[in-house]
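**Q** Chain by chain, the residues:
Protein chains: 2
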Amino acid sequence: MSGTLYGIGVGPGDPELITLKALRLLRACPVVAYPALETGPSFARAIVAEYLVSTQIEIAIRMPMEEARFPAQAVYDRAATELSAHLDAGRDCAVLCQGDPFFYGSFMYLFDRLASSYPTSIVPGITSLTACAAALQATLVSRSDVLSVIPATLSEDALRTQLAHCDAAAIMKLGRHFSKVRTVLAELDLTQHAKYIERATLPDQTIRPLAEIDPDTVPYFAMILVHRRGSALA
Amino acid sequence: MSGTLYGIGVGPGDPELITLKALRLLRACPVVAYPALETGPSFARAIVAEYLVSTQIEIAIRMPMEEARFPAQAVYDRAATELSAHLDAGRDCAVLCQGDPFFYGSFMYLFDRLASSYPTSIVPGITSLTACAAALQATLVSRSDVLSVIPATLSEDALRTQLAHCDAAAIMKLGRHFSKVRTVLAELDLTQHAKYIERATLPDQTIRPLAEIDPDTVPYFAMILVHRRGSALA
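Chains A and B supply the protein sequences, listed in that same order.
0 is the number of the first residue of the first sequence in numbering that gives the first Met the number 0; add one for each residue after it.
0 is the number of the first residue of the second sequence in numbering that gives the first Met the number 0; add one for each residue after it.
Keep in mind the hints are simulated off the structure, nothing from the lab.
For glycine and all other residues, C-beta sits at the position ideal for the given N, C-alpha and C.
There could be a bad hint or two in this list.
To be verified - Anything over 12 angstroms on all C-beta distances counts as not near chain B; from chain A, calculated:
id, residue
1, L16
2, D76
3, R77
4, G89
5, R90
6, A133
7, T160
8, D203
9, E211
As the list claims (entries may be wrong) - Partial pick of chain B residues on the chain A-facing surface, computed with a CB cut under 8 angstroms:
id, residue
10, I17
11, F102
12, Y103
13, M107
14, P118
15, V122
16, G124
17, L139
18, L146
19, D156
20, T160
21, H164
22, L201
23, P202
Unchecked claim - Straight-line alpha carbon distances no greater than 25 angstroms define the calculated SDA-like cross-link-like pairs of lysine to any residue that follow:
id, chain 1, residue 1, chain 2, residue 2
24, B, K194, A, T3
25, B, K179, B, S143
26, A, K194, B, R112
Modelling step: build the complete structure from the supplied sequences, incorporating the hints.
**A** Printed below as a string of structure tokens:
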């Protein structure tokens, strides 16, 4: 009997924003894996550090710095092999995913390698999307609103097109793309409908007006929510 | 000292999919309010029924059947007045929201009436979006994908436009709009990229091929996820 692979969403950062199901499973699994940078701590692990059990086998899936955005297939191959050995031995494996496993996560690279061979179960997590809306006290969408979730990595043209076709937008993964996004929002006269937040739900969460932000300081975990209530953008 | 208004996401239906924070707060509040139909039980209350405390004051915000989709202002006025009395008396009030408070919820009608007068805090919840992706074992979005969340209530033309501008789509609130959506997906040659699910995370959760569904049986809590991996729709 092989073990089960669990993809477990651990939410946006506040340890209290994991679900009861995630907590039960991540404590029950004898093996816990999580993404991490080449050196230094893992954000996903840090979120749930207080819940881990000292007897658990931990697997840090370390991504070389220069490849963190474009996952190295070899790293996931190696992690899948390591997890396979535990699963074959009947040990359940929890893979920790910041936010939600299927919402811009790296979990899909393990899922694609393992789900067809082992029983697999996914536990959804609180996404940065709703965490940011809650922290900003801003209704994300209501009634017949169309919401677009847009990575800031898109080109200016693509950003313009996307923003033209929705009522509300969440622009994610800002980082070094912030200036481009701020410019496009200004061109579309959307600045006054945009709210900026970084590190939502963490102790150093910051909310500031768009105009006051130094583009050189914007982290990857920053988001802009846009909503023109009562007047569709299209 | 007035009480605090909490908007609490209780997730998609499985009682284990609420967060630790939601559980702590909904138990600690002496007053618990929730939306309900004119007669019959409240879905939001049912999700957390096992966690409620017998001494809590409960307020069912009952929506007349014919107005369930277009909220009656008078109903929310009355509920806000009732909650205000408790908040003025220093009692914290939890408003239960299925899914997430700011993701197509009715909470915004109370938020708009009360948040400027009382301390207010929002606890994000697991949305149907990630719950459905988890149950379908389908990656929602990755890397630079654009995700559009589209209410099925839109016109055929609007649905076509929206689906043309995203990599992945979640089509919500299907109910009696199912046939229209299925037709548009077929026209756009997206049927083979679409997955259907109803009542995600509940005991009677159902996943079926699009072609096999009787449109007369589709509930409001049904969703279609569309993803054409590796080939943008636009």
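**Q** All the hints need checking, so say for each whether the structure fits it.
**A** Hints, one by one, checked against the model:
Listed as a non-interface residue, L16/A fails to keep its Cβ farther than 12 angstroms from every Cβ of chain B; the least gap is roughly 5 angstroms. Distance to chain B confirms D76/A as a non-interface residue, since its nearest Cβ pair spans about 18 angstroms, more than 12 angstroms. Against the 12 angstroms criterion, R77/A stays outside the reach of chain B, whose nearest CB is about 20 angstroms from its own CB. At the 12 angstroms boundary, the C-beta of G89/A stays outside the reach of chain B, the nearest C-beta of that chain being 22 angstroms off.
At the 12 angstroms boundary, the C-beta of R90/A stays outside the reach of chain B, the nearest C-beta of that chain being 21 angstroms off. In this structure A133/A is not separated from chain B by more than 12 angstroms, as the shortest Cβ-Cβ distance comes to only about 4 angstroms. Taking the minimum C-beta to C-beta distance to chain B, about 7 angstroms, the non-interface status of T160/A is violated against the 12 angstroms cut. The beta carbon of D203/A is kept farther than 12 angstroms from every beta carbon of chain B, the shortest such distance being approximately 18 angstroms.
Separation of E211/A from chain B is adequate, the least Cβ-Cβ distance of about 24 angstroms exceeding the 12 angstroms criterion. The beta carbon of I17/B is positioned within 8 angstroms of a beta carbon in chain A (closest approach about 6 angstroms), and the interface hint is therefore held. Using the Cβ-Cβ criterion of 8 angstroms, the hint placing F102/B at the interface with chain A is satisfied: the shortest such distance is roughly 5 angstroms. Taking 8 angstroms as the C-beta cut-off, the interface hint given for Y103/B holds, the closest approach to chain A being about 6 angstroms.
Interface restraint check: M107/B against chain A, minimum CB-CB distance 5 angstroms, threshold 8 angstroms, status holds. Contact between P118/B and chain A, as hinted, is not supported at the beta carbon level, the nearest pair being about 11 angstroms apart and thus beyond 8 angstroms. Hint status for V122/B relative to chain A: holds, with the closest Cβ pair at about 7 angstroms, below 8 angstroms. Here the hint on G124/B is kept, as its CB sits about 7 angstroms from the closest CB of chain A, short of 8 angstroms.
For the restraint placing L139/B at the interface with chain A, the shortest Cβ-Cβ distance is roughly 4 angstroms, inside the 8 angstroms limit, so the hint holds. A cut of 8 angstroms between beta carbons decides the hint on L146/B: the least distance to chain A is about 4 angstroms, and the hint holds. Given hint, D156/B at the interface with chain A, is violated; its Cβ is 11 angstroms from that chain's nearest Cβ, farther than 8 angstroms. Below 8 angstroms, beta-carbon pairs count as interface contacts, and T160/B has one with chain A at about 7 angstroms; its hint therefore holds.
Restraint check, H164/B versus chain A: the minimum CB separation of about 5 angstroms is within 8 angstroms; hint holds. This hint is violated: L201/B has a C-beta 14 angstroms from the nearest C-beta of chain A, more than the 8 angstroms allowed. The restraint placing P202/B at the interface with chain A is violated, with a minimum CB-CB distance near 15 angstroms, outside the 8 angstroms limit. Pair hint K194/B plus T3/A holds up; C-alpha atoms about 24 angstroms apart against a cutoff of 25 angstroms.
The hinted pair formed by K179/B and S143/B fails the criterion: a straight-line CA distance of about 29 angstroms is larger than 25 angstroms. At most 25 angstroms may separate the alpha-carbon atoms for a hinted pair to count; K194/A and R112/B meet this at roughly 21 angstroms.
Checked against the numbered hints listed earlier, the structure breaks hints 1, 6, 7, 14, 19, 22, 23 and 25; every other hint is satisfied.
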